[in-house]
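Novice: Protein chains in written order, with my numbering: chain A, 53 to 410; chain B, 8 to 141; chain C, 195 to 313.
Keep in mind that the hints were calculated from the coordinates and are not lab data.
The C-beta atom is built at its ideal place from N, Cα and C for all residues, glycine as well.
No incorrect hints appear here.
Here are the simulated DSS-like pairs of lysine-lysine, each with C-alpha atoms no more than 27 Å apart in a straight line:
(1) 246(C) <-> 364(A)
(2) 55(B) <-> 28(B)
(3) 256(C) <-> 364(A)
(4) 235(A) <-> 210(C)
(5) 185(A) <-> 204(C)
(6) 246(A) <-> 235(A)
(7) 204(C) <-> 181(A)
(8) 60(B) <-> 256(A)
(9) 336(A) <-> 246(C)
(10) 246(C) <-> 334(A)
(11) 55(B) <-> 258(A)
(12) 74(A) <-> 256(A)
(13) 235(A) <-> 204(C)
(14) 28(B) <-> 256(A)
(15) 28(B) <-> 258(A)
Simulated DEER-style distance windows between Cβ atoms:
(16) 296(C) <-> 22(B): 52 to 62 Å
(17) 256(A) <-> 294(C): 54 to 64 Å
(18) 296(C) <-> 197(A): 18 to 28 Å
(19) 249(C) <-> 63(B): 30 to 40 Å
(20) 197(A) <-> 231(C): 19 to 29 Å
(21) 287(C) <-> 324(A): 24 to 34 Å
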Amino acid sequence: MLKTIIPFGPQHPVLPEPLHLKLTVEDEIITGVFPALGFVHRGLEQLVHIRDFQQMIQVVERVCGICSMIHATCYCQGIEALMEIDPPPRAKFLRTLWCEVHRIQSHLLWLGLFADCFGFESLFMQFWKIREKVLDINEATTGNRVIVSVNVIGGVRRDLSTEQMQWTCSELSWVQNEIACLKATLLSDYTVKKRTVGKGVLSKDKAFELGAVGPTARASGIAQDMRLLGYSALDQLDFEPVVETDGDCYARSKVRFQEVLQSIDLIRQAVSRMPAGEIRTKFKGRPAGEMFVRVEQPRGELFYYIKANGTKHLERLRIRTPTFANIPALLGMLPGMWLSDVPVVVLSIDPCISCTER
Amino acid sequence: MQPEIISVSADTLVGEVARAKFEGFRFVTLSCTESGGDSVDILYHFDKDLRLKHLRLSVLKCSTVPSISAVYFAAFLVENEIQDLFGVRFEGLVVDYERTLYLDPEVAFAPFCTVGAQNSNREQTVTQPGTADS
Amino acid sequence: MFQMMPNILKNLFFPKATRRYPRVVRSPFESSRGALFNDIEKCTFCSVCELKCPSQCIRVDKKAATWTYDPFACVFCGICVDICPPNSLYQKSAYRLPVAGRELITLTGVPRPKLEKKT
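Chain A on its own, in the form it takes in the complex (with noise of 0.2 Å):
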């Protein structure tokens, strides 16, 4: 049988960012991947001999355009962490409701360009419209649509009033109710399921060995959530990680789906029970030492290793991002597809590949 090597990428309609897989076929069916990284490399780390300490929440904050919150938090948490300064409740709460809108804000990313790798452009556009609606969220509460910069070091900066909260509710429900109108077309539709079932199928043992995080992994019946660790207030908070057996394509946009809805339950859960208090505390001197941090991005497991050493200017950050944790896991579901499901495969693990290749 004569073997092909066919390019996918690094310029693909399917694809957010750029991800270069030299495909090895044979007629038709994919027998070897390799990948190649590279193409939005920007040497972010590098940035923490030039900028200090505290410039570099902004810095971390634009290594990913959709989920830029989450890396200001772990940032943020981990120098907390390391000069032993303790936010206030309040902050905690509000750090965990911008970071759960967050959430939904990627999703709804997530599931409109899934729906749109296969084709369906329309749902596409009715999960953005939604889409729309969260980020107004997002700009009428802190100021901008996705890069919000509300984190500091010791807190938040801005303040949600009762009637933003009420209103940020409000909004949300609309946005459940809009789901709920979309949910039958995503999950039970006759061609999506030809589509994404039995399609990139990844065991829960291989999962486990390759490293698999996030959605990836919940939804090979993995049921690992960073937010259990219980960082900024989900300690108070009740949830339960979603978990799928099925570990194909389908059953990843299910997980997607339903941590929408679990996300604005957590929300709710957060509004409610908000202290009153300060949103910020004061705080002198320099970190030194090291730490190791984790959070739960939208994609998975987001890790920090930062190093100090007393100076204004870090010695070294080191942020592990969840997609490039599921790459290895990527090459270990597409051996044995049709060369018309890559595109739906590799969308299906969520890649964020300027968090990858910071």
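Since the structure of chain A is provided, determine the placement of chains B and C on it from the hints.
Specialist: Below, chains B and C without anything else, positioned relative to chain A:
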């Protein structure tokens, strides 16, 4: 509260990693940082039940470290990245990009290393990657 | 098979979800972070904004009493507004309009005399 980090050497590294795999730890990532002077620290991170375990390996720059990608396949990507950015080579890599994952083939020195590593790296031959399959 | 029908019918008979920008412009939210302005009368040229800016887009010259700002390098994070001691920096809620060429904004004020030490 400083995290617990176990120190290993290049000889005991693969044994410790294999033991972590046997105990059911999931591979998280590797971190590499300069630790002053001529050495770099490579940290290995593993996770089980939301609990992290770390191993620290101190090596001289431009030295060779055994690869753990035979034990944990997922490590090959981050070991290639460390090869690109720091002056460390891994031997026994399952998939070796030979310093072209992020860098162009003409680049002869590692960006994150200081001058000492750059000079000795220029003497190393950087073989062209498998251009036959591009 | 017809799960999308209620949605399609709603979209046919209800108003559009899109705005005919630029003929119709949505008014910005009150707390949106838009263009940065400096009330140069109040500015003391202490250069705290220059030190704290993450994108280094402000240059302050105390002796010549000038405040130079690059609106195209600015990321509109609002940190300078938060920390400005005399509260001369402020942000309007509308984003700056697109222009044809890049220009720096330089404002000149009155140099502050040095405070005499109390003996």
